[in-house]
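Participant: Let's have the full structure, built from the sequences with the hints guiding it.
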Amino acid sequence: MKPVYVAGAAVHPFGKQPGLNAAELGYRAVRQLVEQTGITPDAVDVGYGGSSYGGSLLTQRVLQRVGVSGPPVYTVENACASGASAVHLGWQAVASGAADCVIAFGAENLSSFGGGTLPLTTNDIEIEQGMVMPAAYAMRAQRYLHDFGATADDLTAVSVKNRRNGAQNPRAHFQREISPQDVADSRAIADPLRLLHCCPNSDGAAAVLLCSEDFARQLDTPRVRVRGSVVRSGTFHTQFRDMTWPDITARTAKAAYEMAGLAPADLDLVELHDAFSIAELLHAEALGIAERGKAHQAVRNGEFDRDGRVAVSPSGGLISRGHPVGATGATQICEAYWQLTGQAGPLQVPGASVALTHVTGGGIFGVDNGACAMHILTAD
Amino acid sequence: MPSPQSPPAGDRQVGADITHQHGTRTTLTITVCHACSARWFPPREVCSTCASDDVENIESEPQGVVYASTVVRVAPPGFQAPFVLAYIDISGVRVLAHSPSSDQALTPDTPVRLTVAPIARTAEGQLVSYAVEPLDGRDDTTTPTTGETR
Ligand SMILES: [Zn+2]
Chain A
1 MKPVYVAGAA
11 VHPFGKQPGL
21 NAAELGYRAV
31 RQLVEQTGIT
41 PDAVDVGYGG
51 SSYGGSLLTQ
61 RVLQRVGVSG
71 PPVYTVENAC
81 ASGASAVHLG
91 WQAVASGAAD
101 CVIAFGAENL
111 SSFGGGTLPL
121 TTNDIEIEQG
131 MVMPAAYAMR
141 AQRYLHDFGA
151 TADDLTAVSV
161 KNRRNGAQNP
171 RAHFQREISP
181 QDVADSRAIA
191 DPLRLLHCCP
201 NSDGAAAVLL
211 CSEDFARQLD
221 TPRVRVRGSV
231 VRSGTFHTQF
241 RDMTWPDITA
251 RTAKAAYEMA
261 GLAPADLDLV
271 ELHDAFSIAE
281 LLHAEALGIA
291 ERGKAHQAVR
301 NGEFDRDGRV
311 AVSPSGGLIS
321 RGHPVGATGA
331 TQICEAYWQL
341 TGQAGPLQVP
351 GASVALTHVT
361 GGGIFGVDNG
371 ACAMHILTAD
Chain B
1 MPSPQSPPAG
11 DRQVGADITH
21 QHGTRTTLTI
31 TVCHACSARW
41 FPPREVCSTC
51 ASDDVENIES
61 EPQGVVYAST
71 VVRVAPPGFQ
81 APFVLAYIDI
91 SGVRVLAHSP
101 SSDQALTPDT
111 PVRLTVAPIA
121 RTAEGQLVSY
131 AVEPLDGRDD
141 TTTPTTGETR
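Those sequence lines, one after another, are chains A and B.
Residues in the first sequence are numbered consecutively from 1, following the UniProt record's numbering.
Residues in the second sequence are numbered consecutively from 1, following the UniProt record's numbering.
Some hints here could point you the wrong way.
[Claimed, not checked] Some, not all, of what chain A presents toward chain B, calculated at C-beta under 7 Å:
| # | residue |
| --- | --- |
| 1 | Y74 |
| 2 | E128 |
| 3 | G130 |
| 4 | A138 |
| 5 | I189 |
| 6 | Q239 |
[What the hints assert, rightly or not] Estimated spans, in silico, between C-beta atoms of each pair:
| # | chain 1 | residue 1 | chain 2 | residue 2 | range |
| --- | --- | --- | --- | --- | --- |
| 7 | B | D54 | A | R217 | 55 to 65 Å |
| 8 | A | K16 | B | E124 | 27 to 37 Å |
| 9 | A | S56 | B | R121 | 31 to 41 Å |
| 10 | B | A81 | A | D42 | 48 to 58 Å |
| 11 | A | G261 | B | D17 | 30 to 40 Å |
| 12 | A | F113 | B | R121 | 21 to 31 Å |
The set of hints was computed from the structure by calculation and includes no laboratory data.
A virtual CB, placed ideally from N, CA and C, is assigned to each residue, including glycine.
Facilitator: Next up, the structure:
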């Protein structure tokens, strides 16, 4: 496999933007990327766009506006992992030698669904019972608290940390710190989860430039190396499963660490899928950055703070940044790029040289999640 | 003339074809794969673990045990909050069901029995489904299935 680099990153800030559809949001991110990297449209060998609700031929509708029309482009749907799946396919294209320059982006508008929980549109035996994503995570939370002696205050500590991080991120949906009391006062969603334990539904887009070593040399932008890029699907069964151990994340991480030749202890920062505060605890353990049943203690001890043992969601995570489903995985890679190139400003993790990004999602019955995508990036 | 198990006109029953009522005893259809021993709910024609069609449908036990539970306080379309959902371990499968008689989340490991009950109101009547209710623990003759995930 050829070495693959990220040589540019751009985010259209996340938030409520009901007037901007996914194609418009995607265009705004990709236009920034093109301007910043100085690439010409004819240099782009292939394009991938990730979105769950953006509609048919989203990638054409975005890329043709910046002059990329003619080469192969694909729109990728993998629920919350759509954007990172687009990046993974771009990585494949460069790693195989088939492409030298790839634009990969994620774009989503969720305002069009109105308020409340995101509708699960794939009817199945659990959705017929009124299942919603907060309920799925609420039950994982109840069982985690039951099994490991954690409390709802431990879930709150995750939200408080990530909102504190996101308060300094100009791209985040929420840029205000919250107190534990704010969480306790927020509306109950699905016991034990309250509103401020949940990420907001957002609109936004993010784009990255993936390229070969030769191509990266021709650019004036800093680059980071993609050491691992892995996508996995959920293991489908309806027997008993341990819902405090996201097997899909553990399997994806194992493959990513092997590919990168790195271990959890090497990571300086992690952007993980904290769609709900409980998810940070579950995924931190499955990623190997906390001992089993002890992630809540790591949060309490400040080990996941920006200046802690390993910074977890220094950009604010989904809880602050918001969650425009298909854009989330791509924006995590942008945030990691800025960290590893020393461009993260107030978000900067001191001395960051190894980053891991993780998204997982998809509310279908019989799996932990439908899809999980992971990237390990290092400073060049 | 409708059988005793048919819901009144206007009501709709979820999973009617895989729910069995024998007096007060309610069971579900599950599929057992003879090739790999995987168990499935809802039932299926081909095992989704090993792709064998050497599968058999059996009836579950009438009782199970709670793996996890929550009170949903923001309802999806078609449902009315609050309502209690629980994952139930029963006869080797995990089933998501309402616990309509509960007003708080069921504690993990609580024994429950299967029932058939309304789980939502619709424009035409009620949405009826297989559901669960906590056992009071006095008149049980069957030992509930124990979850084996941990
Ligand atoms: Zn089988």
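Participant: A separate judgement is required for each hint: does it hold in the structure or not?
Facilitator: A quick look at each hint next to the structure:
no. : hint                        : verdict
1   : Y74                         : violated, 28 Å
2   : E128                        : holds, 5 Å
3   : G130                        : holds, 4 Å
4   : A138                        : holds, 4 Å
5   : I189                        : holds, 5 Å
6   : Q239                        : holds, 6 Å
7   : B/D54 / A/R217: 55 to 65 Å  : holds, 59 Å
8   : A/K16 / B/E124: 27 to 37 Å  : holds, 36 Å
9   : A/S56 / B/R121: 31 to 41 Å  : holds, 36 Å
10  : B/A81 / A/D42: 48 to 58 Å   : holds, 55 Å
11  : A/G261 / B/D17: 30 to 40 Å  : violated, 53 Å
12  : A/F113 / B/R121: 21 to 31 Å : holds, 23 Å
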